[in-house]
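Okay, so the sequence shown: first residue is 7 according to the working numbering, each after it adds one.
If you are wondering where the hints come from, they were derived from the structure by calculation, not from laboratory data. Hints should not be assumed to be uniformly reliable.
What the hints assert, rightly or not - Within a straight-line C-alpha distance of at most 16 Å, the following computed EDC-like cross-link-like pairs (lysine to aspartate or glutamate) qualify:
{"id": "1", "residue 1": "K101", "residue 2": "E82"}
{"id": "2", "residue 1": "K69", "residue 2": "E124"}
{"id": "3", "residue 1": "K279", "residue 2": "E223"}
{"id": "4", "residue 1": "K101", "residue 2": "E124"}
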Amino acid sequence: MPHLVKLIVVSIVMCQSIVWAAEVKEVFTQKSFVMRMFQHLSWDQGLSKEPTDRDYLQILGGKRTFRYEAENAYNENTDRVTVRNFTLYGPFTGKGWLLGVSDTTAVDFAALVPIKGEYVLKAVIKGNGFIWNIGDKKYRADSKSDAFGEVEIGKISLNAGVLKIHVSIPPEGAIDSFSLSAPDYTPIQPVAGWRFKEPLTAGQMAEIVVSMSGRHEQLQNSENDTPRRLSVFESAIIPPTAAPTAIEEFGKFTSREWVRSDYRGASIQVPVKTATAGFYVITANVMGGRITGSVNESLFEALAKPFFDTVRLGLFRLESGDNLITINLPPMGGIDTLELSMKNMGSDSFLAVSGIKGPAGRLISVDEADATIKSVTGSYPVRR
7 MPHLVKLIVV SIVMCQSIVW AAEVKEVFTQ KSFVMRMFQH LSWDQGLSKE
57 PTDRDYLQIL GGKRTFRYEA ENAYNENTDR VTVRNFTLYG PFTGKGWLLG
107 VSDTTAVDFA ALVPIKGEYV LKAVIKGNGF IWNIGDKKYR ADSKSDAFGE
157 VEIGKISLNA GVLKIHVSIP PEGAIDSFSL SAPDYTPIQP VAGWRFKEPL
207 TAGQMAEIVV SMSGRHEQLQ NSENDTPRRL SVFESAIIPP TAAPTAIEEF
257 GKFTSREWVR SDYRGASIQV PVKTATAGFY VITANVMGGR ITGSVNESLF
307 EALAKPFFDT VRLGLFRLES GDNLITINLP PMGGIDTLEL SMKNMGSDSF
357 LAVSGIKGPA GRLISVDEAD ATIKSVTGSY PVRR
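Sequences are here, hints too, so could you generate the full structure?
See the structure below:
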């Protein structure tokens, strides 16, 4: 009888262990979703051979400016160049730079491009007569100087993955670095950022889907957040090319004074602190023509009238804590105020826009994640 009891107990424990194992196996994490999304969109082509979380986050973040140090990208076994680390041709970046020989030589660069797109290729070089071979195209580059200088090589369309460049270097030519740049994409992420090890919930997947499909504009305005107005002359870092003024000939302004640039134009920086991260519609009371700038490095452009009027700069993500808004005024342009209106960042708001069923804390399965990824990428212009 005791032996039978032992068998029953062991059987119960084994069954419970199997159930627990099944439950553990069924947990679908945020990183699981990311990996399946990368596979579906072929974004995994832009990952290194042994990708880290940082590699995934770089692609999800959407930044598309990549710099490569020449001394790290060349083939040291075959390329007839020398790595130098002194300032013979002026300041350099990285640990060193490549020096050619007394006759024409060549290097073969290999560099990982994380995100596909049309890029501007630039290089920091010294010498005239460089030939950059990329695919079936050739680009000539000259520094026109005896010191390092950055020159634009050309515009090239690239797929994500390893880029191979064959560069012909003129006698005594030198290369410090090269770079690729393209307009940034909007980051893809949950509101609170990625937590790769955590289980994925319906609320988080809704936030990811809205950012994937670029539908933050469809979120309702926050009913609990009063639009915040900033007086620029009180809040901004004002450069020498601009000054506060109270003249009234350009229409209505609401601050005691407004900021006007001189004939050179001016770059006005406005530090902004926010208690919580979220998406904000930002408008400005401005005048004077074409206004450009950035919000946390996300660019904007707007056209202002000859007199003060409210202009929408766009919808931007502001982080919890410090943020920076930069406004580039044209010559004799002016700015009075900035106004920040927050979108509703609640889970119900994202669930409504995304069409994902709640409640927000519901855990997502593999099948639902796959179906959602397929649906979103098939219905909206998700970046490729």
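Against the structure, the hints come out as follows:
| no. | hint | verdict |
| --- | --- | --- |
| 1 | K101 to E82 | holds (15 Å) |
| 2 | K69 to E124 | holds (13 Å) |
| 3 | K279 to E223 | violated (22 Å) |
| 4 | K101 to E124 | violated (29 Å) |
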